[in-house]
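Protein chains: 2
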Amino acid sequence: MERRAYIPQETARRLSLYLRMLRRLRQEKVRIVSSDQIRRFLNVSSVQFRKDLSYFGEFGKRGVGYDVELLAKEIGKILGTDVLHEIILVGVGRLGSALLEYPGFLEFNLKISEAFDRNTRKVGKVCGGVRIRHMRALRQVIKKRNLRIAVLSVPVEFAQEVAEELVSCGIKAILNFAPVNLVLEGDVFVSNADMASELESLVYKLKQKNNNYSLTKKRSIVI
Amino acid sequence: MERRAYIPQETARRLSLYLRMLRRLRQEKVRIVSSDQIRRFLNVSSVQFRKDLSYFGEFGKRGVGYDVELLAKEIGKILGTDVLHEIILVGVGRLGSALLEYPGFLEFNLKISEAFDRNTRKVGKVCGGVRIRHMRALRQVIKKRNLRIAVLSVPVEFAQEVAEELVSCGIKAILNFAPVNLVLEGDVFVSNADMASELESLVYKLKQKNNNYSLTKKRSIVI
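From first to last, the protein sequence lines stand for chains G and D. Counting in our numbering, the first sequence runs from 39 upward without gaps. Counting in our numbering, the second sequence runs from 39 upward without gaps.
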């Protein structure tokens, strides 16, 4: 199948969304999905869907639909999640332990297989099937297991320093949960799982939609 | 100050990022910020920064920089987070309780002020300063307090059903942590805090950057 080398980031995002839908359909033993179902499930027009797929070949039969199995396989290949990726997690607080037990990662072929914390009381305990190691072992484990992706869930005041350490150990991609902009040298991808910004964005959308949107508690703050 | 009515979503996202930086600078008693500092802090070009600001007026003095205080205030007004927004949370599991205790929300003038769970053993307990209520009280509390924004952190199998209930109670925006695409009637904004998709996107970026990126464990899976 002919594939283009470059796929825009927005398309990649939607591919990820399609893949999730396809996996769900597969679980429900659905074999064929129509453009119309896709539109209803995901609020993505069939034109957009076809355009996104056009980056990596021709799929679907006019008037029939798309083969769920085949399409999931191809999108997985494109996104790189057709193989298992092992990930480390640093910072096993409440959020960190929730992430270790989060069932949604394996569905994407992502597995948090190592977890680290500074707190000696946590070290040695098992959370989500992973034994927590001390931060001292970080470098050795990353190097030995050739890990490249880290989830950062340490308190905000340590995030920058720990991120720098991760990069110095060879980590190339960080999903950062701390509410801070990490500034890192070298070719590292940082994605901010910034819950507050997500909420802020929702507030903004509500505000744009309806200027009469009545706030629960109008309070002027002097900033 | 003259303002345009419509601001693109991507601009709004960056404004949120600028605001976070400005708040941080303010904490550090910085009064003036230059375009160059902005570029270094956020990887946003000064051209982009000026373009984003141009949506709501003229800021900054050539050769001097931007007033941190003033700019933070204006961006807060635009985004709607110059006033406190109260939010409800549904599902006080590990993730839910981490969110209740997350310190990053208040910085954005966002406050989770009500929390709900089905589990009677959790009801009545206090987490992050919020007393957990039973789901039975959901409708009454939302109506009475005129709440519009909800954080959904229930197990994936209940997410759709609880989201529908929230909408029927008057909720207009949902930040969804469950790994599922919610399908909702009416004018509701849904934002997916989808940690697995974020990670998948990082995997994809690494893959694009380096096709030699060596996986920690190459395992073909039959899908």
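Mixed in with the good hints, there may be bad ones.
Since the list gives no way to pick out one identical chain from another, each pair is judged satisfied if it fits inside one copy or across any two copies.
To be verified - Below, computed lysine-lysine pairings styled on DSSO-like, alpha-carbon distance capped at 30 Å:
1) 89 to 243
2) 247 to 182
3) 210 to 111
4) 243 to 111
5) 160 to 243
6) 210 to 149
7) 210 to 163
8) 243 to 149
Hints were generated in silico from the structure; no laboratory data involved.
If any of the earlier hints don't hold here, list their numbers in rising order. 5
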